[in-house]
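**Q** Listed below, chain by chain, are the residues.
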Amino acid sequence: MKFPDELHYSIEHIWVKIDKDQVVLGITDFAQSELGEIVYVDLPNIGHHFDKDQVFGSIEALKTVSDLFMPASGKVIDVNSKLVQDPKLVNSNPYDEGWLVKIKMTQSDELSQLLSAEEYSKDLGI
Amino acid sequence: MEDVVNIQTMKMVLFSDIHANLPALEAFFGDLENREYDSIYCLGDLVGYNIWPNEVVKEIQKRKIPTIAGNYDFGIGRISDDCGCAYKTDIEKANGSVSISYTNSVMQPRERAYLRTLPAHIKVELQLNEDKLNVLLVHGSPRKINEYLFEDREEKSLKRIMEQADADIMCFGHTHKPYHRILDTGTDGNNHFRHAINIGSVGKPKDGNPMGAYVILTLNPNSSILNKDSIEVEFVRFHYDIEKAAKAVESSPLPNDYATSLREGH
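Chains A and B, in that order, are what the protein sequence lines are.
Each residue of the first sequence is one higher than the one before, counting from 1 in our numbering.
Each residue of the second sequence is one higher than the one before, counting from 1 in our numbering.
One chain only, chain A, in its complex shape:
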C-alpha cells in the first residue's frame, strides 16, 4: 500500500498535495482499498466554500457509501470531471488521475494539523 512522502494526509483518509495556497485532494490508497470498487463519486460545484471537517461529497462503492471530509477550509476551484465517466480511476490511480477536487485555501495554518506519510501509515497500524 502506497503513501507518497510528498503528500500530506488527514485522519479521514484524504491526501493533500500543496502548491502554494492551492491544494489538490483525493482519497488514499488505503481508503480506496477499503471501499472496494467505486461506482459513483459525488463532488461539489466549483465555487462552493467548505470549512475544515465539513462533508464536501461522497463516494459510492459496490457495498457502501462514504462521506468525504474537507481537510482544510477553502473554496472549490476545480473538480475532476473524468470521474463522472470513470469513477474507477479512484481505485486504479488514487494519487494521480483519481484526484477529486482542487481548493484555494482560506486558512493555511490548518495544514499544520495534517499528518506526514509516516504518521498516517503509523495511525493505520500498517
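If you're looking for bench data, these hints aren't it; they were derived computationally from the structure.
Note that this is a predicted model, so its numbers are computed, not measured.
Idealized CB from N, CA, C, for every residue including glycine.
Careful, some of the hints might be misleading.
Non-contacting residues of chain B with respect to chain A, defined by C-beta distances greater than 10 angstroms in every case (computed) [unchecked claim]:
no. : residue
1   : Phe29
2   : Ser141
3   : Asp229
4   : Pro253
Mimicking EDC-like on lysine to aspartate or glutamate, the simulated pairs with C-alpha atoms at most 20 angstroms apart in a straight line are [unchecked claim]:
no. : chain 1 : residue 1 : chain 2 : residue 2
5   : A       : Lys102    : A       : Glu6
6   : B       : Lys144    : A       : Asp86
7   : A       : Lys63     : B       : Asp82
Fit chain B to the supplied structure of chain A, relying on the hints for placement.
**A** Only chain B this time, still in chain A's reference frame:
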C-alpha cells in the same frame, strides 16, 4: 428489452435470489397457486450457494418466466471464478470461492447457456388513466449488476439513481433484505413519488427471517406518481423445507456456514 402494457388492474409477482435452492423455489410456486396475479418476473441470481443450480434453471426456463441476470448468473454463465459478490471478510471470500468453484463444476452446458442469454434489465412502461409509470427491474442497481442498495442508502443517492434511470418504480434484489422506500423527487411544489423496492430473496434470506420472500406489486388504473399510496407493495413470506436444503449443503462440498445461514436467515 421493453414491454409496453395497457392495463386496467395489474398484480405483478417479483422474485429473485433463489440461489440454487430448489425446495424454496418449489414452495414459492406452491404459494403462487393460491394467488391471483397477472404477470411474473424473476430478478436474477438463480444459482450459487446451494446444490440445485441446474434444477432451478430448468424450473424457471420451462415456465418461460421473464428473467434478468444476477451477478452470480453472469459469472457462472461465463465459467468465471468471480461472482462479483464483493465479499468483505476472509471467511466470506474463502466460502465464496468454494461456492463458485462447486457451482461451475456441476453446471450443465444447456443451463449455463441459458444464463448467458439473460438480459441486464427489464423496463415495463405502464399506461394508466392519468399517468404513465416506468417500472424498472434490475438485479443490483441500474448501473451495476452487483451494487448493493441497502435500506439505509442515503436518500439523495437513491433519488439520483432512479432519476438517471428514469424509473418511477425500481425493483431489485441482491441484498436479500426486503424493503420499500418512497422518495419524493418532485420540484416546484409538484409531487413525484418514486418507489424503491427490494424484493428480498426466495432461497437465501438475510433479514433474520429464514422463510422465503417475494413481492406482489399491485397497480390500479389511477396509480400515479402524484399519489404515493396508489401503488401497493405486499411482502410475502412462505415456509419451505429449510432442513432439506440445509442438510443438502452439509452433505456437499459447500461450506457448512451456508446451512447455518439458511436455518437462521442471515
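**Q** With reference to the structure, classify each hint as holding or not holding.
**A** So, going through the hints one by one against the coordinates:
no. : hint                 : in the structure
1   : Phe29                : holds (31 angstroms)
2   : Ser141               : violated (8 angstroms)
3   : Asp229               : holds (29 angstroms)
4   : Pro253               : holds (27 angstroms)
5   : A:Lys102 <-> A:Glu6  : holds (17 angstroms)
6   : B:Lys144 <-> A:Asp86 : holds (13 angstroms)
7   : A:Lys63 <-> B:Asp82  : holds (16 angstroms)
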